[in-house]
Amino acid sequence: MSLALEIITGFMIAISAVVTVTRTNPLYAALWLINCFLFTGVLYVIQDSVFMGFLQVLTYAGAILVLIIFSIMLMDLRDNEGPKNRSVAIQFVAFASALASMILLLKFFSEEFKNKGYPKLTEANWGGLQHLGKFLYTEGGLFPFEFITILLLGTLVGCVQLAKRKEWL
Amino acid sequence: MQHLLANASDLIDLGKYDIVYMVLGAVLVLHNFSIFMLILTWLSWLERRLCAWIQDRSGPNRVGPAGLLQPVADAIKLMQKEDLIPHHVEKFFYLLGPCLVALPALILFVVIPVGADLPYEWVGYVMLWGAEGISYMAPNVPFLTADCVTTIQSSMTELSQFALQFNIDHAGQTRSLAAADLPVGLAFLLAIGSLGVYGLALGAWGANNKYATMGGIRASAQMISYELALGVTILTLILMSGTSEMSGMTISNIVEYQEGYLWGFLPKWNILLNPITAVILIICYFAETNRLPFDFAEAEPELIAGYHIEHSGMKFALFMIGESAAMLTASALIVTLVFGGWDMPGLDLMLSTVVPEVIDYRLVKIPTTIAIFFAKTTLMVVVFILVRWSIPRFRYDHLMKLGWKRLLPAALAMLVITVAVKEIWNAIEAKEKTEVSKISDAEKKK
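So the protein sequences, as listed, match chains A and B.
Quick note: the first sequence uses the working numbering, first residue 15, plus one each step.
Quick note: the second sequence uses the working numbering, first residue 309, plus one each step.
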């Protein structure tokens, strides 16, 4: 049962992601992105990590997407036909990323991966609040966690620096 | 058919009592939701009457006694209106907005415990009585063959045995009166609450009108700003009540923590334990529901009607219902988080004197607590309405300054202070305990 649900949910995530990048109207794209994030939350819930699921909805669907919609609404959308000049560089990047995802998919179906499988999630209450907190703050989860926060802070400073006018520098 | 059903139950892998839990959950959803909708229906009447009272008018008083049927008349009028869709709108978003706007507020109500805990044994008794009643009535029903009657009676005997077993297995256990007392209830509350802005913002953008778009932009910026402070205050409340291995951070955990007394006579509610955090929480909920003094999305003097300017008829009504539902849910959440939920000081004492010992006092306590909870919620709604006519609207930069420069730092500071005080308190208690045990050890030695 849960496998069937996982497959359906994964399918919905993939479809939403594809539809998101093919919309020309950015607000429709944002709406499909919300759909994608909500289904990702559902996937977490199916895999027994309910807290992560709701956190996913809270941060991505609830906060980040609101910011994106906020910025879309501030834009002038009269010309909503999407980018016209598709340069060679963009085509190259698209081709490369498609190739990379193909390689990743092939890896999933390879013998080595089949034998190893993904980590068994048999431990009771593994996605629960206490387990998650204990892992994040004691069992080696702390360094990547803190590192990501520093990375985000760096990105924030970089964005402010980029957006600043030259005469203020 | 039976074959199919057996296959389905294999697929879902139901436990022995899961079907009972499901039915119980459905009944609780229906029960809580019907009371909620009943209050919601007359909220517009209450608001208009209170506004009229404050402005020294009479308000709607013609339809029914004291104007009580006014909401019904309004609904009929709005439904009869032409379903107008202006030609310049983005049709999909224009229609999606009103559909989405009330949804988060209605969903949130499933995690709020509306009364004292329900003992599981009652469920077993209800099943037992139902089974006995049906098997007693079955022979008296006309047009029922003898075969049918015996089949019904035998299945009812099975059901009563099942109910007895259910009661044995659940002896002394209780269930929260929240329809779904999720172990991550507070995360659920923030997650679903944060989706509330979409209906408003998308509907406003779809209307393709400058005033509406301005309203939508303002609403989304405001929601994001105040969500941070709200999250921090809720984190403080979680830290105060503590989480346990079993219950996680359920909302009923916070309500349980607020039972009992402070210094013997005051109720141990969070608003008295940690008043600053509680006040920040209330302010944030005012901002989250887009009510005055934070109603920038529909600021009448500036944006005419703001986000719903292009919506008419039932679509407009849905926006209004969404606003009322958000206000009602926010009141219920404020009551649950900082005003002790269904708890009332002195309730147990009163019940023990009033209720004769033959009756299980919980039979009186649970309906009383439900009544107390909804009375408190209605009182909070009245506060919302009174604030509307007492405090004028902020200026937009004041709103942002209040959210980011006042409330967020204050909430963070209160978080740190609460942690420090709690740690010191725990240390003192641990020390007292060791001293008491030392004294008792010394006495034993003597």
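By construction, these hints were calculated from the structure, which means they are not laboratory data.
Do not take every clue at face value.
Lysine-lysine pairs mimicking BS3-like chemistry, simulated, CA-CA at most 25 Å apart [stated by the list, open to error]: (1) B:K741 / B:K753; (2) B:K576 / B:K739; (3) B:K753 / A:K148; (4) B:K709 / B:K730; (5) A:K178 / B:K713; (6) A:K178 / B:K709.
These are the hints, each one checked on the structure:
Proposed proximity of B:K741 and B:K753 is supported: the alpha carbons are some 18 Å apart, at most 25 Å. Among the hinted pairs, B:K576 with B:K739 is consistent with the structure: their alpha-carbon atoms are about 23 Å apart, no more than 25 Å. About 42 Å separates the Cα atoms of B:K753 and A:K148, which puts this hinted pair outside 25 Å; it is violated. Of the supplied pair hints, the one linking B:K709 and B:K730 is violated, its CA atoms being roughly 30 Å apart against a limit of 25 Å.
Only pairs whose Cα atoms come within 25 Å are accepted, and A:K178 paired with B:K713 is accepted, the gap being roughly 22 Å. The hinted pair formed by A:K178 and B:K709 meets the criterion: a straight-line CA distance of about 22 Å does not exceed 25 Å.
In the structure shown, a violation is registered for the earlier hints numbered 3 and 4, in ascending order.
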